[in-house]
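Chemist: Throw the hints in and build the complete structure from the sequences for me.
Those protein sequences? They're chains A and B, same order as listed.
Residue 1 is where the first sequence starts when you use this note's numbering, and the numbers rise one by one after that.
Residue 1 is where the second sequence starts when you use this note's numbering, and the numbers rise one by one after that.
I should point out that these hints are in silico values taken from the structure, not numbers from a laboratory.
Each hint should be verified, as a subset may be incorrect.
Residues from chain B that face chain A, not an exhaustive set, calculated with beta carbons under 7 angstroms [unchecked claim]: (1) P3; (2) Q10; (3) L25; (4) T28; (5) G30; (6) A31; (7) H35; (8) A50; (9) L94; (10) R103; (11) L104.
Derived DSS-like pairs (lysine-lysine); straight-line CA-CA distance at most 27 angstroms [to be verified]: (12) B:K71 - B:K12; (13) A:K65 - B:K2; (14) B:K90 - B:K12; (15) B:K90 - B:K71; (16) A:K65 - B:K90; (17) B:K58 - B:K19; (18) B:K2 - A:K181; (19) B:K53 - B:K90; (20) A:K181 - A:K101.
Being a predicted model, the structure only gives us computed values, none of them experimental.
Note that beta-carbon positions come from the ideal geometry of N, C-alpha and C, so glycine has one too.
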Amino acid sequence: MSNQHVVVIFPHPDDESFGAAGTIAKFREEGIPVTYLCGTLGEMGRNMGSPVFANRETLSTFRKKELDEAAKQLDINVEYLGYRDKTIEFEPLEQMADHLKAKIESLGATTVITHYPGFAVHPDHDAMGAAVVEAVRQISPSARPDVWMHAISNGHEDQLGSPEVVFDIRPYWEKKLAAIKAHLSQVDGMMGLIQGQEEQLERLKTERFYTYTFES
Amino acid sequence: MKPIEQAKVQAKIDEFAGKDVYIHLETTNGAYASHFDEGAYNVGAFIRNAKVKYQHGKIVSTGGSYRVGLKIDLGWVYAEGVSDFEVDEKDRLLMAGHDREGRLMVALEISETPFSHEADPDE
Ligand SMILES: [Zn+2]
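Modeler: If you want it as C-alpha cells, here you go:
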C-alpha cells in the first residue's frame, strides 16, 4: 500500500472530475497519492461560462485556475503535458508514448487511469488513451502499472461487456460534485447537457473502468 | 466580451488593414454534438496564427449578428454569426458568436502579434 501511486492521464481540465473524481477521492481516503497528468489546457473548449466570462484567448488561464481548485478539492497533484486542445490525435503516437512512459516511470505509477481508446467520444480522449496504452506496453511486464480505462460512448457495454472495475462512488458524491463545480467555465454547459438526461446523471455516480490486458 | 458596436469594430478593422496580422478563425458545434444527439453532426474548423495582410475589411450587420470579411491579395477571410467583441489589453480584436447557452459557435480574432499557445501567466 505504501508504494502505490495512482496516475490519472486525461487530455482536459475537468475530465478528471467528471470521469474519476469518486475513484480519486476513494484512493486519497486510503492515503494513496494521486497525480493528474493533464494533456492540454482545454483552451479550445466551447463553453465560456454561463453567463459568458471567458473568451478564446483567456479560456486557458481560467481553466488552469479551475483545475487548481478541483485539485485542491480532491487533494491531488497536477502536472501539465503541454499538448494543444483538439490536436492530440495529430501528434506522432510514438513520441507521445515515449513522453508518457518517462512520466509514468518517474512517478512510479502502480495504477494508470485513462480513457478507453475508441470508446471515449472526444478525439483527444481516444488519442490520449491510445498513447497511454502504448506507453505502458513499452514498460517491461514486471514493472507495468495496471491500466484502467474509462469508456464514455453510447452503447459501449454492448461491445465491450461489463467493466472489470466498478465503484459506487455515492459516498464521495459531495466531493465529486465540488470538484466538478470547480470547473466554473465548463460546468453549466456540461451539466446542462447532462441534466436533461437522468441516465447520464446517474452514470456519474458510478465510475467504471475496463482493465487493459497486455499480450506479453 | 460585450455586444458588438459596429463603428468601433470597423475602426479597429481599418487600423489593422495593410499590416501583417495574425488571424484566429474558428467555427465549432462541439465534440459532443453527436454524442448527445444522434442526429447531429460534428463539424468544426479552426486556423490559428495564419499570417495575412488584408487590403480592407468590413463588418456588416445582419440584424442580431454580424458578418466580417477581410480581403487578402489572393482571397478572403470570412466569418458569419459574430455578435460579441473585445479589444483586449494586447490590442487584439476578438470577435465571437455564442449560442443561447453561451457556447462559442464562431470566432474571428485579429492581432499584430502571434496568438499564444499557453495560458497567460499575467492573468
Ligand atoms: Zn475531455
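Chemist: Now look at each hint and say whether the structure bears it out.
Modeler: Now for the hints, and whether the structure bears them out:
no.: 1; hint: P3; result: violated (11 angstroms)
no.: 2; hint: Q10; result: violated (20 angstroms)
no.: 3; hint: L25; result: violated (11 angstroms)
no.: 4; hint: T28; result: holds (6 angstroms)
no.: 5; hint: G30; result: holds (5 angstroms)
no.: 6; hint: A31; result: holds (5 angstroms)
no.: 7; hint: H35; result: holds (5 angstroms)
no.: 8; hint: A50; result: violated (15 angstroms)
no.: 9; hint: L94; result: holds (5 angstroms)
no.: 10; hint: R103; result: holds (4 angstroms)
no.: 11; hint: L104; result: holds (5 angstroms)
no.: 12; hint: B:K71 - B:K12; result: holds (15 angstroms)
no.: 13; hint: A:K65 - B:K2; result: holds (23 angstroms)
no.: 14; hint: B:K90 - B:K12; result: holds (13 angstroms)
no.: 15; hint: B:K90 - B:K71; result: holds (24 angstroms)
no.: 16; hint: A:K65 - B:K90; result: holds (21 angstroms)
no.: 17; hint: B:K58 - B:K19; result: holds (16 angstroms)
no.: 18; hint: B:K2 - A:K181; result: holds (25 angstroms)
no.: 19; hint: B:K53 - B:K90; result: holds (19 angstroms)
no.: 20; hint: A:K181 - A:K101; result: violated (31 angstroms)
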